[in-house]
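Student: Could you put the whole structure together from the sequences, leaning on the hints where they help?
Chains as they are written, first to last, in the working numbering: chain U, 1 to 346; chain S, 1 to 500; chain C, 1 to 337; chain W, 1 to 300; chain Z, 1 to 340.
Hints are computed from structural coordinates only; laboratory data are not their basis.
Mixed in with the good hints there might be a few duds.
Unchecked claim - In silico contact screen, one side only, chain C against chain W (beta carbon under 10 angstroms); selected entries:
1. Ile14
2. Ile19
3. Val21
4. Val134
5. Val140
6. Phe145
7. Gly269
8. Asp322
As the list claims (entries may be wrong) - In silico DSSO-like links for lysine-lysine, alpha-carbon gap of 30 angstroms or less:
9. Lys245/S with Lys230/S
10. Lys25/W with Lys189/Z
11. Lys200/C with Lys188/S
C-beta: ideal position from N, C-alpha, C; glycine also.
These are the residues of each chain, in order.
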Amino acid sequence: MLLKDTPVTTDKLLSVQDLRVHFHTLRGIVHALEGVSFHLNRQETLGLAGETGCGKSVTARSVLRLIDPPGRIVSGRIIFEDRDILTLDDTAVRAIRGGEISMIMQEPKMSLNPVIRVGDQVAEALLIHDTSLNRSSARTQAEEMLTQMGIPEAHRTSRRYPHELSGGMAQRIMIAMMLVTRPKLLIADEPTSALDVTIQAQILALMDKLVQDIRTSVLMITHDLGVMAETCDRVAVMYAGNIVEMGAVRSVLKDPQHPYTQGLLKTVPDKANPDHPLYAIKGNVPSLLQPQNHCRFSDRCEYAMARCSREIPPVYQMTDDHEAACFLHDGQSISSGGKQVDLMNP
Amino acid sequence: GRSDVLVVGMATSDIISLDPAKAFEFSGVGIEAQIYDRLLDFPEDRFDKPEFSLAESFNVSEDGKTWTFKLREDVKFHSGNQLTAEDVVYSFKRVVYLNDQPAFILTQFGIAEDSIRAVDKYTVEIKLDNKYASGIFFSCLAAGVASVVDAKVAQQHEQKTDKYPDGDRGLTWLSRNSAGSGPWILRKWEKNESVILDANPKHFMHPPKLKRVIIKEIVEATSRRLQVEKGDIDIAWQMFPDQIKSLMKNADLRIESSPAMVIWYLGINVTKGPLADNRVRTAIRHAIDYNGIIDSIMGGAASPINTFIPEGFAGYEDKVYYKEDLDKARKLMADAGFPDGFEIEMDHGDQTPSPELAQALQNSLARIGITVKLNKLISSQLWPKYRAQKHDLILARWGPDYVDPHTNAQPFADYKAKVLSWRNVYYNDETSAMIQKAGQEMDNDKRIAIYKEVNQIIQTEGPYAMLFQPKYEHAVRNNIDNFTAAPTFDLWKLYPITKK
Amino acid sequence: MLQYLIRRVVTLAITLIGIMVVTFFISLVIPADPLSSIAGPQAPQETVDRLRKLYGFDQPIYIQFGRYANRLAHGDLGTSFQTGRPVLEDIAKYFPATFELATIALFFSIIVGIPLGVLSAVYRNSPIDHFSRVLSLIGVSMPVFWLGLVFLLIFYFKLGWFPEPGRLDIMLIEPERLTGMLLVDSLIALDWEVFFDALKHMFLPAFVLGLYGLAGIARIVRSSMLDVLSQEYIKTARIKGAREFIVLTRHALRNALIPAVTIIGLTYGGLLEGSVLTETIFSWPGLGRYLGTAFLTLDLNAVVGGTMLVALTFCLVNLVVDLLYAFLDPKITLARS
Amino acid sequence: MNTETQIDKRLARNQRWKARQRYFKDSYTLWRRNHLMVVGTTIIILLLLIALSAPLLATHNPLDQILSDRLLPPTWEHFFGTDSLGRDIFSRVVHGARVTLTIALLVALISTPVGLIIGVLAGYFGGAVDEILMRLSDVFLAFPKLILAIAFAAALGPGVENAIIAIAVANWPSYARLARAETLAVRDNDYIQVIRSMGASNLRIMVGHITPMCLSSIIVRLSLDMGTIILTAAGLGFLGLGAQPPTPEWGLMVSDGRLYLVDQWWVSTLPGFAILIVVMGFNLMGDGIRDILDPHQRQS
Amino acid sequence: MRYNNHVNRKTNQSHNPILLTVEDLHVYFSIREGWLSRQRATVKAVNGVNLSLQQGDVFGLVGESGCGKTTLGRAIVGLSPVSHGQILLKGRSIVGLTGQDAHERARQVQLIFQDPYSSLHPRKTVCDLVGVGLKLHGLANGYEIDEQVLAMLKRVGFNIDHLYRYAHEFSGGQRQRISLARALILRPKLLILDEPTSALDVSVQAQILNLLKEIRQEFNLTFLFISHDLGVIRYMSNRIGVMYLGHLVETGATSDVFEHPQHPYTQVLLSSLPSIDPDTPSNRTLLEGDPPTPIDPPPGCPFAQRCPGVKPICREQAPELIHHGNSPDHFTACHFPHVD
Ligand SMILES: Nc1ncnc2c1ncn2[C@@H]1O[C@H](COP(=O)(O)OP(=O)(O)OP(=O)(O)O)[C@@H](O)[C@H]1O
Ligand SMILES: Nc1ncnc2c1ncn2[C@@H]1O[C@H](COP(=O)(O)OP(=O)(O)OP(=O)(O)O)[C@@H](O)[C@H]1O
Ligand SMILES: [Mg+2]
Ligand SMILES: [Mg+2]
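Tutor: Structure, rendered in structure tokens:
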């Protein structure tokens with residue numbers, strides 16, 4: 001009953017095109033996103049993977065147009081169904097937020113308002129989007145939702161404050177709050193990173209069930225490739241403000257086409273041989289203060305060529321559903337679909 | 001309505017009690033004086049000699065020790081009780097018994113509890129321990145402490161307190177209530193807020209013209225000024241000289257003034273180093289820029305004075321002993337062996353205009369080489385220091401306790417009275433003896449002559465530099481008539497005032 | 001709860017005892033003589049000595065202290081030199097006026113300070129922010145007596161918008177004294193004329209006094225609001241699609257107020273203190289002035305009584321603040337604070 | 001020791017210097033971005049300059065009384081007019097900067113170390129030490145500050161020095177509170193625990209590791225308190241317990257001039273503005289220092 | 001066979017001497033509980049733990065959040081109060097040391113914290129941070145300190161440019177390396193690593209783990225490696241212990257525990273781990289509910305409330321950590337261990 005087993009329709013729900021986000025900080029302009037493009041189909045789960053600071057959360061927040069100063073969305077289009085979120089007026093955006101697109105964040109306890117009872121917080125989500133609803137029926141609906149979330153004694157729990165709940169419980173509340181309006185798209189920004197593995201398993205199973213029930217699409221952000229493998233239909237791998245590789249989950253994880261994805265997969269110690277050193281990508285994440293004018297992975301890349309440090313690699317299409325932004329694929333050009341290079345064992 | 005209510009803005013925070021036996025502050029005595037009557041009283045515009053009030057005649061024995069007063073028979077207290085000799089006896093005994101601050105005004109004549117008795121319903125006999133000048137005695141009988149209290153009412157409020165385990169003679173109650181017969185009835189006293197006096201239309205002599213007087217406590221002079229200009233108060237009591245100038249431009253107001261019975265002086269401790277030399281003291285007296293100080297700091301609202309008897313009292317002399325004369329002063333300094341001057345301290349109070357005056361004096365004395373270090377002290381520090389004879393120079397003022405030159409002559413010239421002369425360690429047996437003599441001189445003219453003689457000595461070699469006698473200046477709105485400024489609050493009569 | 005209160009009361013008692021001891025010994029080391037001041041500059045030495053005996057100041061210090069402590073323990077604050085009345089009575093008389101003024105002033109600082117702080121935070125580093133910060137700073141930076149006089153000059157004298165200094169028009173009759181607070185008493189008596197007149201008289205002094213608290217409140221609200229606005233749960237509220245106004249009030253302000261409450265408590269202490277000068281300017285018959293003169297005349301009983309009352313109020317306000325804190329912040333259990 | 005790691009002392013110094021330079025450069029950037037802070041610092045620097053060069057700037061002797069020139073309005077001869085004793089107000093304001101600065105700085109120098117020591121001790125040891133020290137500070141805190149200062153000033157006798165001590169006495173408890181709170185927050189932090197697990201003594205932890213963390217919030221608080229300090233000094237001066245005339249102390253000048261407020265506004269208003277501006281300068285600077293010292297600000 | 005006996009046996013037969021022994025360790029905290037009340041509750045953070053580390057071991061400690069891993073580690077360096085039990089370093093008790101003894105212990109045992117951001121003093125330069133141990137123990141002064149610090153920094157991958165920077169100028173991985181340098185500069189025998197990589201990215205984690213392995217060899221260290229990441233534990237340690245609610249529920253050689261988990265909790269833990277291989281079938285055992293709090297825990301087996309195979313006895317009697325199965329070194333605290 002995992003998400004990846006659901007049938008994929010090709011009807012695009014969300015399409016992000018050439019998104020650029022900059023932050024004007026003390027040290028200069030942080031070029032956080034440098035032309036991110038991807039799309040998400042209806043009832044599909046797209047995974048967004050990458051290391052800290054690569055721009056996952058910024059991407060997610062951009063979709064809801066929630067980039068606060070000093071950040072600014074410089075360019076790009078975010079087409080949700082048939083509307084461009086970036087050009088809507090505030091009221092329309094607010095209607096989308098929470099109503100059609102919801103988002104779960106990483107720290108469940110920090111994301112709940114500490115002075116409002118959790119039941120009311122869930123009910124508020126309903127009230128905002130359905131003005132005909134009265135308070136008490138919103139509460140009832142909220143409690144029903146909590147029961148659905150497998151929360152014991154939903155009525156009592158709904159009268160509690162966030163600090164009285166465990167992390168797992170708080171995350172359930174968050175999910176309830178974000179799904180109670182039956183949104184078309186759920187963005188989950190590392191929903192389980194702060195939780196223990198056993199709790200993580202519970203939460204993932206729960207999300208899986210609910211997403212099925214209300215037929216929503218999911219943008220699943222995580223840096224845990226294991227979680228990604230289990231929950232997503234397609235994945236996109238980000239590095240320093242770019243999507244470097246995107247495709248069906250199996251194809252990307254089994255047969256990565258970008259050196260960064262490959263490295264990432266190899267550094268996971270799960271199955272590594274304890275007697276050998278772990279594979280480690282050399283160097284550090286580059287500073288985002290410079291605008292991108294070449295492949296940002298080039299100085300850590302084992303296959304780097306001269307042009308890598310001069311040009312920005314375009315996106316090459318490997319198969320219908322697998323693309324990578326790397327000059328190694330030059331020649332197997334975008335249109336041809338081309339043959340694959342076995343980069344795993346060069 | 002406002003038309004029969006007079007509103008006076010005044011700083012009255014010094015009031016502690018309105019009981020005649022206790023009140024001894026400017027405002028307390030001033031208000032108490034409106035509520036009670038005394039055997040003798042001063043008229044509203046002359047202060048050299050008291051007139052009959054409750055008493056209608058008197059007798060004095062041959063030896064000058066026994067005084068008999070005949071009372072009017074038509075006086076009723078506010079309570080409706082008849083005022084009789086018993087009330088007078090009770091009131092005087094009360095003062096002696098309570099023995100609070102103003103008591104000395106009576107006890108200085110040796111009046112004790114058993115020295116006063118009622119001869120009949122309207123005759124009182126007072127025995128003194130000695131012969132005293134009648135002028136002094138009468139002035140004291142016109143002082144607030146000699147007010148006659150309604151004995152019945154006071155006895156009703158008798159209570160035992162820590163200080164008076166045998167009963168307080170109604171002191172506690174009378175502090176905030178009244179049992180008098182005067183032209184005004186105390187309606188309410190709220191400390192820091194207001195005193196409200198209602199007219200006593202049945203007063204035997206001076207039924208007031210207005211219905212009510214409200215004395216509103218306004219501490220800040222600026223605030224008083226704004227309110228009188230605005231018309232929220234009718235009289236702004238005691239405006240500062242610098243305010244007067246601009247108030248005079250206001251057509252709705254006039255300034256009423258009267259010399260205050262206050263003398264500002266510089267006390268000189270004659271045991272402190274160079275100050276022991278009268279040449280130095282005289283140099284100091286010549287170094288002071290009297291006119292500059294009066295014109296600038298006092299805004300002209302003061303006059304120079306070279307006597308300890310203020311203008312308004314019998315014996316005042318308009319004679320000038322000292323003028324600013326730096327050459328003379330410098331020469332005297334050189335003669336005394338201080339051509340380059342010396343350093344000395346001056347203590348002074350913290351209330352305007354003391355600090356300004358002190359600074360001006362500092363400036364003046366600097367011109368003859370005397371470097372003065374100023375000590376600004378709060379009153380609870382200043383006076384103990386003065387009493388302990390620990391000062392070098394002190395800027396101070398003196399106001400009379402009762403309305404007779406003796407009240408000034410004695411402290412300034414008789415060190416045995418342990419007041420000013422003593423504090424400045426000026427022990428002159430000659431002047432002391434002369435003052436004692438004056439105290440018993442029944443002939444007023446002779447008495448005054450003695451004071452003048454003493455003054456001469458004090459001015460030439462005494463421990464003071466007399467600075468000036470200030471004026472009281474009040475801003476009065478033009479719809480107030482029959483206002484006569486008086487040299488003290490208790491001499492100020494409220495009853496004649498009318499309002500348009 | 002009960003235990004907690006008992007603990008607070010014990011602490012309070014210790015504090016009060018400390019204050020008493022400190023005040024008493026300060027009064028001893030002060031090189032000044034209250035009696036000399038009571039007797040006035042003119043009284044001869046004998047009078048001073050007589051008074052000294054009358055007031056029991058001729059006794060050795062430890063006896064004085066013993067007596068004094070004993071009296072205090074019996075709830076007797078002694079008699080004031082300056083009014084000649086029991087200090088307790090004086091306090092009962094003057095405190096309500098100050099309490100009323102300080103409370104209204106606090107109310108004013110809160111009403112204005114909080115929105116100012118919120119605006120500053122929301123429009124951080126914008127002209128609004130700068131304006132509100134400078135404006136509120138003027139409140140703390142001006143000597144109260146100066147500001148009070150200037151306000152009187154402008155708003156009373158020149159413009160005539162507000163009545164003369166004082167609590168009530170001199171011609172009006174105060175309603176029966178129940179609480180001592182004119183606004184309350186006149187409400188009880190349904191005396192609207194007095195009520196509105198008292199309110200008018202209250203305005204300027206409360207404004208001047210309130211300016212003092214305003215800056216502190218605006219500043220703390222600003223900084224805690226900035227803090228709160230960067231929290232995740234604010235994002236959550238926005239994600240839910242809440243209107244910005246709701247986000248600011250329901251979600252942010254309630255959290256931002258939690259630290260502000262403490263400052264408000266402290267401000268109240270400052271207001272009581274600031275009343276010394278304000279009351280002088282505005283002819284306000286309150287405790288501040290009473291205490292001010294008491295100190296200048298070294299009216300020891302009044303000083304101790306008044307100071308203890310101010311301290312007591314301060315402690316009580318802090319207790320209320322702590323309770324409020326627990327009420328506002330579900331995380332707080334009072335046992336910990 | 002490996003020669004490769006031998007440190008060239010010049011190089012080391014150079015590196016340290018560079019690190020410091022980076023720190024200052026960041027501070028400068030943060031400073032420059034905060035406009036109000038720039039204003040505040042400028043005011044305080046100006047105050048310092050004025051205080052240092054007072055004799056040069058003053059057009060008259062601040063103590064010279066010319067009684068005939070009383071209460072003159074501002075003119076080219078007297079920029080700020082003259083006071084009730086005919087002294088030049090501008091010169092007095094300029095010289096007053098020295099007095100004000102001295103008072104503010106000395107109070108800071110006395111009360112912060114006391115508060116810091118007591119607060120850190122209470123916070124670090126907790127328990128009975130905390131209880132005793134905090135009750136002590138409660139007693140002082142519960143006193144209205146001005147009244148406590150009056151009491152102490154009265155006890156010690158009037159004068160600037162004693163006023164300074166009195167204000168310091170009234171002020172230390174709030175710093176103790178702050179230091180305690182800060183210590184409590186820092187005490188259980190990992191970086192303190194590390195030092196402790198390495199065997200550092202309590203004294204070293206308190207002095208070397210906790211105090212620096214308390215310092216910044218105390219500095220911020222102090223600069224915000226400067227205004228109150230100056231005003232309390234003025235209040236004491238007003239009551240005759242602070243600076244003594246003819247010292248040109250601003251508070252004293254304001255209260256001396258309040259009698260003339262209606263007709264000769266300049267006498268008390270101009271020194272009043274001096275107070276206003278300086279207090280505002282300190283406040284703005286304090287707000288800014290908070291931002292600059294905040295390590296979070298640097299990370300972004 | 002009880003674990004304690006095992007300790008003795010092990011001492012006798014192993015060629016590697018025992019470095020650290022923890023015997024029946026209890027760490028209780030007393031906290032105030034509830035609204036306005038003064039009532040105190042006891043947090044039994046570590047509730048009777050026995051373990052021993054041989055010289056050269058990497059002992060991995062896993063368990064859910066709040067199970068007491070950190071508390072145990074901190075107890076060893078004297079930062080948590082020991083309510084009962086013993087901690088022996090080379091046979092000498094190191095509980096409640098003060099003064100010179102504590103100093104000595106500090107030189108032998110060092111701790112590295114989980115959070116790279118809060119474990120470095122924000123107002124000090126790297127040189128001061130790392131050199132503090134030398135200064136404290138009087139091992140060097142003046143530029144000697146700088147030199148030794150630099151040597152150590154070079155070992156963990158920095159150069160002189162970094163010597164005088166402040167902590168905020170470094171990334172998380174770099175900070176952990178600074179912490180490592182700080183710990184190593186005193187040449188300790190035992191290093192307690194409290195989730196040293198859990199705040200880091202996988203690519204940085206790999207660098208740190210490799211570095212740790214090298215360092216261990218080079219400095220002849222023994223590790224107590226705390227983590228909740230089973231993959232990391234498996235890669236790093238030769239022996240592991242699984243903790244649950246203050247108890248050690250299973251311990252043994254890494255391969256034994258991973259391949260033949262005996263305790264139901266260990267089994268759940270292993271099954272919950274998502275695999276990066278999309279083809280691996282996931283057959284999860286989902287646990288009911290949240291982990292209970294260690295505040296006044298009920299008697300019986302700590303896992304009883306959530307155990308899928310719970311029996312009545314589990315709720316009454318706490319199982320002891322005893323040897324089950326074939327592997328000699330494999331101990332489990334369960335009444336019904338899964339032994340194949
Ligand atoms: N408010 C901000 N101010 C300045 N820079 C920011 C801000 N928010 C994000 N950035 C920058 O944008 C980049 C992307 O940040 P983002 O939060 O999207 O990373 P992420 O992939 O979600 O990382 P993580 O896994 O840590 O959540 C980072 O390099 C960060 O420095
Ligand atoms: N100083 C303390 N006071 C009270 N309780 C404490 C204290 N320190 C730890 N605890 C409690 O002890 C229990 C164990 O905490 P500990 O930090 O050791 O867990 P952990 O296994 O390290 O968890 P994590 O994986 O979250 O780091 C927790 O319930 C914690 O709340
Ligand atoms: Mg993120
Ligand atoms: Mg931990």
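Student: All the hints need checking, so say for each whether the structure fits it.
Tutor: How the hints compare with the structure:
Residue-level restraint check for Ile14/C holds (minimum Cβ-Cβ distance to chain W is 6 angstroms; threshold 10 angstroms). At about 6 angstroms, the closest approach between the beta carbon of Ile19/C and any beta carbon in chain W falls short of 10 angstroms, and the interface hint on this residue holds. Against a cut-off of 10 angstroms between C-beta atoms, the interface hint on Val21/C holds, since the closest Cβ of chain W lies about 9 angstroms away. This hint holds: Val134/C has a C-beta 7 angstroms from the nearest C-beta of chain W, less than the 10 angstroms allowed.
A hinted interface residue such as Val140/C counts as satisfied when its beta carbon comes closer than 10 angstroms to some beta carbon of chain W; here the least separation is about 6 angstroms, so the hint holds. For Phe145/C, the interface hint holds, the least distance from its beta-carbon to any beta-carbon of chain W being 6 angstroms, beneath 10 angstroms. A cut of 10 angstroms between beta carbons decides the hint on Gly269/C: the least distance to chain W is about 7 angstroms, and the hint holds. Annotation: interface hint on Asp322/C violated; nearest CB of chain W at approximately 14 angstroms, more than 10 angstroms.
For the proposed pair Lys245/S and Lys230/S, the alpha carbon gap of about 17 angstroms is at most 30 angstroms, so the pair holds. A distance of roughly 42 angstroms separates the Cα atoms of Lys25/W and Lys189/Z; the hinted pair therefore is violated under the 30 angstroms criterion. At most 30 angstroms may separate the alpha-carbon atoms for a hinted pair to count; Lys200/C and Lys188/S meet this at roughly 24 angstroms.
Going through the hint list in order, the structure does not satisfy hints 8 and 10.
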